[in-house]
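Heads up: the protein sequence lines correspond to chains S and Z, in order. Positions 1 to 118 (the numbering used here) are the ones given, in order, by the first sequence. Positions 119 to 204 (the numbering used here) are the ones given, in order, by the second sequence.
In short, the hints are calculated from the structure, not lab data. Keep in mind it's a predicted model, so treat the numbers as computed, not measured. Be careful, since some hints might not be right.
What the hints assert, rightly or not - Partner residues aside, some chain S positions facing chain Z, computed with beta carbon under 7 Å:
| id | residue |
| --- | --- |
| 1 | G24 |
| 2 | L28 |
| 3 | R37 |
As the list claims (entries may be wrong) - Part of the chain Z face toward chain S, derived, beta carbon under 10 Å:
| id | residue |
| --- | --- |
| 4 | T126 |
| 5 | S134 |
| 6 | L139 |
| 7 | A153 |
| 8 | I170 |
| 9 | T192 |
What the hints assert, rightly or not - Computed list of lysine to any residue pairs in SDA-like fashion (alpha-carbon distance at most 25 Å, straight line):
| id | chain 1 | residue 1 | chain 2 | residue 2 |
| --- | --- | --- | --- | --- |
| 10 | S | K102 | Z | S146 |
| 11 | S | K102 | Z | D149 |
| 12 | S | K102 | Z | M195 |
| 13 | S | K102 | Z | V141 |
Glycine is no exception: its CB is placed at the ideal position from the N, C-alpha and C atoms.
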Amino acid sequence: MTDLLIDATMFTLLALSVGFAGIGVIGLLVFPDIRSRMYTATRATVISICTMIVAVIVYALSMIFSGGGDQYPSLIFHILVLLCIVIAANVLLYRIIQERIKRTSFCRVSPQQKEERE
Amino acid sequence: MINTWLVTVFCLIVLSVCAVLRVIPGPSRDDRFVAVNTAITLAAGAALGLSIYWGNLVMLDISIVLIALCYGGTIAMARSEGGEKT
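Chain S on its own, in the form it takes in the complex:
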């Protein structure tokens, strides 16, 4: 019963991971402007990898509790390092691109629009 529950949990998490990855790629391909593309692609893929990491943690914990070897705590440590790298890189790149978009959209305001704003 417990094995079935763990397998069902892992299957659900992996299916969610693929689903969110698909949403991210579809957003990247379909959406018209860069802001929406960046928002969807970055967040959906980060959620995707987070659900995959949770699935791996569930798998590693189940192996630890069933008397597995020493490699499973090491596996958990490794995937936490991977998670930190992925999140830090995504946040950094997101901020860099967002600042550049703000700067370029500010520079592209025409004189007529500027007068209307004032």
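Given chain S, work out where chain Z should sit, using these hints.
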């Protein structure tokens, strides 16, 4: 019996290739960076699933180093303004 990890890895690799194909049309540099970032993130998930399927931690170590290098290169290129307009 179909292995769940392997199916997940296959799906993530296909989606990662789709994201890489998005790099070609562009049209701006930032679009390309977003597509590359998405592809690297999906490839990280695929590498993680593949290392679980193979039961090999060394592969996970190698993929972590490669992914960190890819992210580092992408961030460095995104930080440099370059001559091309966005």
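Taking the hints in turn, this is what the structure says about them:
1. G24: Given a least distance of 6 Å, the restraint on S:G24 holds.
2. L28: 5 Å, holds
3. R37: Since chain Z brings a Cβ to about 6 Å from S:R37, closer than 7 Å, the hint holds.
4. T126: 5 Å, holds
5. S134: Since the shortest Cβ distance to chain S is 8 Å, the answer is holds.
6. L139: 9 Å, holds
7. A153: 6 Å, holds
8. I170: 6 Å, holds
9. T192: 6 Å, holds
10. S:K102 x Z:S146: Satisfied, since the Cα-Cα distance of roughly 15 Å is no more than 25 Å.
11. S:K102 x Z:D149: Holds, because 14 Å separates the two Cα atoms, which is no more than 25 Å.
12. S:K102 x Z:M195: Satisfied, since the Cα-Cα distance of roughly 18 Å is no more than 25 Å.
13. S:K102 x Z:V141: 22 Å, holds
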